[in-house]
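Asker: The residues making up each chain are set out below.
Protein chains: 2
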Amino acid sequence: MSDGRDEFALIARHFAPLARTPAARGLLDDAAFLENAGPLVVTADAIVEGVHFLPDDPIDTVAQKALRVNISDVVAKGATPSHYLLTLQWPATRPASEIGQFAAGLARDQATFGCTLLGGDTTATPGPLGVAVTMFGKPLGAVPPSRRDAKVGDDVWVTGSIGDGRLGLLALTEGLPMLNAIAVAQLVERYRVPTPRLAFAPAIAAFAHASMDISDGLIDDAWKIAVASGVRLMLDPDATPLSAPALAWLAAQGDRRLGLTALLNGGDDYEVLFTAAPSARGRLLEAADDAGVPLRQIGAVAAGQGVDAGGIPASGHVHRLGS
Amino acid sequence: MSDGRDEFALIARHFAPLARTPAARGLLDDAAFLENAGPLVVTADAIVEGVHFLPDDPIDTVAQKALRVNISDVVAKGATPSHYLLTLQWPATRPASEIGQFAAGLARDQATFGCTLLGGDTTATPGPLGVAVTMFGKPLGAVPPSRRDAKVGDDVWVTGSIGDGRLGLLALTEGLPMLNAIAVAQLVERYRVPTPRLAFAPAIAAFAHASMDISDGLIDDAWKIAVASGVRLMLDPDATPLSAPALAWLAAQGDRRLGLTALLNGGDDYEVLFTAAPSARGRLLEAADDAGVPLRQIGAVAAGQGVDAGGIPASGHVHRLGS
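So the sequences go chain by chain: A and B.
In terms of our numbering, the first sequence opens at residue 3 and continues consecutively.
In terms of our numbering, the second sequence opens at residue 3 and continues consecutively.
Certain hints may be false.
Just so you know, same-sequence chains aren't split out, so a pair can sit in one copy or run between any two.
Unchecked claim - Taking lysine to any residue and the SDA-like style, the derived pairs with C-alpha atoms no more than 20 Å apart in a straight line are:
| # | residue 1 | residue 2 |
| --- | --- | --- |
| 1 | Lys140 | Pro24 |
| 2 | Lys153 | Gly313 |
| 3 | Lys140 | Ala253 |
| 4 | Lys140 | Gly40 |
| 5 | Lys153 | Leu30 |
| 6 | Lys140 | Thr82 |
| 7 | Lys153 | Pro93 |
| 8 | Lys153 | Arg27 |
| 9 | Lys153 | Gln299 |
| 10 | Lys140 | Asp238 |
| 11 | Lys153 | Thr197 |
| 12 | Lys140 | Glu37 |
| 13 | Lys153 | Ala279 |
Calculated from the structure, these hints are not laboratory results.
As the structure is a computational prediction, the values presented were derived from the model and not from experiment.
All chains, full assembly: derive it from the sequences and hints.
Answerer: What follows is the structure in structure tokens.
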């Protein structure tokens with residue numbers, strides 16, 4: 003399906019160069035054809051203007067975010083991204099000239115993450131811009147870690163830093179006058195263009211028991227692992243890795259506990275939350291060091307259910323604009 | 003990504019029963035895992051409220067249409083649908099109770115077409131309902147027919163009937179007072195719930211040279227085959243298969259030629275347009291008969307370029323509501 007020849011020309015010009023695999027058939031066919039897809043990790047996530055990104059976010063970062071929230075899922079399964087399909091709902095009110103910048107964002111991330119456009123669809127919409135991506139990944143282990151394989155006695159780990167995405171959104175919507183311009187820019191960048199930890203995927207494949215990416219907030223997502231695995235996750239909120247801007251923001255809060263609650267429930271982190279045997283500690287830290295990926299142990303898996311985050315409550319999806 | 007626990011509960015209740023393959027991991031993971039995907043046909047198409055369906059179309063038919071426009075692509079490649087991912091952008095203004103009816107529509111078509119939900123994503127949207135589907139298919143032949151394999155001397159064939167979708171849309175938006183209620187209902191059904199010719203997929207795989215599904219109108223899509231294959235498609239407009247309601251509508255038009263122009267450029271047909279060697283004629287007609295799929299030869303492939311439809315012009319995407 004398409005909206006006729008206009009789309010035909012638009013796609014040919016901007017998207018065909020992104021699909022340099024014979025499997026994509028130059029985006030000129032009804033379907034792509036993978037001769038042998040082999041073992042495949044598959045995920046599909048959409049981002050919508052006004053819900054997952056702001057209307058005036060630069061359009062190339064919107065393209066990057068759409069890819070990265072999906073790559074983040076693939077990486078959390080100990081896999082590397084290979085191909086993706088893109089379904090674009092383009093508002094009639096948005097200049098078609100932005101399509102080129104959008105494609106440039108895709109091209110940049112294809113190079114960064116080693117994946118290729120395989121197919122998709124562009125339609126006009128009377129509503130907000132919507133970008134749906136289906137991402138394929140090649141698992142590096144025999145079976146990708148699920149959410150349900152946390153074992154009592156496991157360590158709980160998290161990559162990168164937590165809460166930056168939430169603060170970046172706050173900076174854009176309400177302003178963060180207590181921070182300097184460089185700190186604000188760093189947080190905004192984290193909100194707009196998250197950082198999937200691709201270099202750490204082999205370590206996830208080798209050592210992770212349960213694993214997922216954090217999109218709805220650290221505590222909310224820890225809760226999902228706890229439910230799926232039938233265990234209790236004991237998290238030390240003070241062990242949560244925070245970036246320098248987040249630490250500065252936290253220091254400026256009257257109530258440190260309320261501040262931590264916001265950061266740990268912020269969402270848009272796109273870091274990996276996983277559990278692993280304590281015996282893997284040394285090798286995990288070494289792998290993280292080699293990969294240049296920040297890694298911190300933030301808790302342990304116990305018998306029971308739910309999440310104990312030192313009394314910090316799970317406040318749910320406070321970070322969504324539209325819900 | 004999700005909108006937190008509400009979605010979590012909603013999906014678990016309505017969508018998890020649709021994902022009865024271990025590969026889907028109960029929709030409780032970040033990604034699905036196919037141990038060996040093998041040869042794979044992949045397509046992604048979205049439908050948007052107010053563009054591809056009407057706001058008051060029954061919600062179960064919206065689900066069916068979203069699947070069927072994708073299954074139609076798979077069938078046109080001589081493949082059978084196996085799995086799909088669903089990305090749902092659900093308006094805050096639409097009652098959540100409709101999710102159950104939406105899922106019922108999916109369930110009905112999963113049974114009809116033999117495919118299974120593999121994963122996806124539901125997000126809130128301030129805009130219209132959007133349903134993006136990525137569909138996987140198993141090719142029945144070694145290499146699925148593309149658009150670029152039409153050969154000079156081939157016959158041109160089409161399944162089913164042409165123009166019904168366009169008339170169904172007209173019936174809903176402007177009314178068709180010249181037709182009786184049964185005819186109108188039949189056309190509306192064709193607009194809302196197209197009929198992918200699954201039973202004919204083996205014949206496509208065995209005999210088709212170039213093949214595609216008709217979504218933008220017979221002439222427009224014939225033009226795509228012509229361009230991709232570097233040939234000229236000679237179509238006999240009077241050979242175009244028309245349903246009884248379409249014939250009645252055409253008879254009521256003052257100008258038969260204008261009427262035919264509308265039908266041949268209508269879009270939303272989701273029939274298969276393909277070319278094949280004249281030597282396959284007998285076996286194609288036999289296969290169509292066995293499959294219970296109407297099949298008609300509507301022209302031939304000649305040297306040259308573009309489409310000759312007996313002087314009927316390609317009027318482009320006249321059928322879209324929003325464009």
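Asker: Evaluate each hint against the coordinates.
Answerer: Against the structure, the hints come out as follows:
In this assembly of identical chains, the alpha carbons of Lys140 and Pro24 lie at most 20 Å apart whether taken from the same copy (18 Å) or from different copies (18 Å). In the homo-oligomer, the alpha carbons of Lys153 and Gly313 never lie at most 20 Å apart, since the shortest distance is 22 Å inside one protomer and 71 Å across protomers. Taking the closest pair of Cα atoms, Lys140 and Ala253 never come within 20 Å of each other, the shortest separation being 42 Å inside a single copy and 57 Å across copies. Taking the shortest Cα distances, Lys140 and Gly40 sit within 20 Å of each other both inside one copy (8 Å) and across copies (13 Å).
For a Cα distance limit of 20 Å, the shortest separation of Lys153 from Leu30 across copies, 18 Å, qualifies, whereas the shortest one inside one copy, 48 Å, does not. For a Cα distance limit of 20 Å, the shortest separation of Lys140 from Thr82 inside one copy, 5 Å, qualifies, whereas the shortest one across copies, 24 Å, does not. For the identical chains of this complex, Lys153 and Pro93 are neighbours neither inside a copy (47 Å) nor across copies (39 Å), given an alpha-carbon limit of 20 Å. For a Cα distance limit of 20 Å, the shortest separation of Lys153 from Arg27 across copies, 18 Å, qualifies, whereas the shortest one inside one copy, 45 Å, does not.
With identical chains, the CA atoms of Lys153 and Gln299 are at most 20 Å apart within one copy only, with a shortest distance of 15 Å there and 63 Å across copies. For a Cα distance limit of 20 Å, the shortest separation of Lys140 from Asp238 qualifies neither inside one copy, at 33 Å, nor across copies, at 48 Å. Taking the shortest Cα distances, Lys153 and Thr197 never come within 20 Å of each other, neither inside one copy (28 Å) nor across copies (48 Å). Both within a single protomer and between protomers do Lys140 and Glu37 lie at most 20 Å apart by alpha-carbon distance, with minima of 15 Å and 10 Å respectively.
Proximity of Lys153 to Ala279 under the C-alpha cut-off of 20 Å is restricted to the intra-copy arrangement: shortest distance 8 Å within a copy versus 61 Å between copies.
Checked against the numbered hints above, the structure breaks hints 2, 3, 7, 10 and 11 and satisfies the rest.
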